[in-house]
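Novice: With chain P fixed as given, assemble chain D onto it according to the hints.
As given, the protein sequences belong to chains P and D, one line each in that order. Note that the first sequence covers residues 20 to 134 in the numbering used here. Note that the second sequence covers residues 20 to 134 in the numbering used here.
Don't read these hints as lab results, they were simulated from the structure. Heads up, a few of these hints could be off.
Given that identical chains are not distinguished, each listed pair holds provided it fits within a single copy or across any two copies.
What the hints assert, rightly or not - With a Cα cut of at most 20 angstroms, we get these calculated SDA-like pairs of lysine to any residue:
hint, residue 1, residue 2
1, 134, 32
2, 55, 65
3, 30, 50
4, 97, 118
5, 45, 117
Number of protein chains: 2
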Amino acid sequence: MAFSQEKQSEKGLIKISVMYPYAEGKTFDLAYYETKHMPMVAGYLGDNLVRYTIEKGLSNGLPNQPLPFMAIGTFYVKRLSDYQSAVTPNRDAIRADFKNYTDVIPVILVSEVLK
Amino acid sequence: MAFSQEKQSEKGLIKISVMYPYAEGKTFDLAYYETKHMPMVAGYLGDNLVRYTIEKGLSNGLPNQPLPFMAIGTFYVKRLSDYQSAVTPNRDAIRADFKNYTDVIPVILVSEVLK
Numbered sequence: 020m021a022f023s024q025e026k027q028s029e030k031g032l033i034k035i036s037v038m039y040p041y042a043e044g045k046t047f048d049l050a051y052y053e054t055k056h057m058p059m060v061a062g063y064l065g066d067n068l069v070r071y072t073i074e075k076g077l078s079n080g081l082p083n084q085p086l087p088f089m090a091i092g093t094f095y096v097k098r099l100s101d102y103q104s105a106v107t108p109n110r111d112a113i114r115a116d117f118k119n120y121t122d123v124i125p126v127i128l129v130s131e132v133l134k
Numbered sequence: 020m021a022f023s024q025e026k027q028s029e030k031g032l033i034k035i036s037v038m039y040p041y042a043e044g045k046t047f048d049l050a051y052y053e054t055k056h057m058p059m060v061a062g063y064l065g066d067n068l069v070r071y072t073i074e075k076g077l078s079n080g081l082p083n084q085p086l087p088f089m090a091i092g093t094f095y096v097k098r099l100s101d102y103q104s105a106v107t108p109n110r111d112a113i114r115a116d117f118k119n120y121t122d123v124i125p126v127i128l129v130s131e132v133l134k
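Bound conformation, chain P alone (with noise of 0.2 angstroms):
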């Protein structure tokens, strides 16, 4: 009960959405991501993290135009500051866990739930 209605309120919370261009030749291994990457970095977060979702970019949405993105990666946190203190000390752990699954180089956005 109380699991559904901290998803129920969302509105309010702080995503960081950590998106990964799609390139011609480009990879990505998303079961690596799944299972490791993402694990590791939700670990540093502690209970400023609500949940954390990974989406696998399909197509783009307009016809004969490449895919935007082929991967993202989002965290659904209370508080920005909190999140920026966990991640600082990690950083290094962050990127060199990188090249595990990706040669592309993310595009972070920083958004506010507004509904």
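Specialist: Here is chain D on its own, set in the frame of chain P:
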């Protein structure tokens, strides 16, 4: 109860993310987007639509980098084909409404929720 169960099983849903890039001098009217545009599009989607979200871009996750997106609107649907069938006959109306809230062209990502 049906609602909370639905929210807990997003795995497998299709997301259509309409992402509005930030650029110097460009504008985005979040109030219009939230009260007029998104409800209009959502109204076309019927019970294929599980939920939709709106987020406001705050910053780049990396220091000294520009904001990637000003806003993102996302539809979570059960079937991509039904989304396309619902939107196609209304595409002109949807596009004609863009000028009421923004002067940027969105990037549209179709993705699948893995987790």
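Novice: Tell me the numbers of any earlier hints that the structure contravenes, in ascending order.
Specialist: Violated hint: only 4; rest satisfied.
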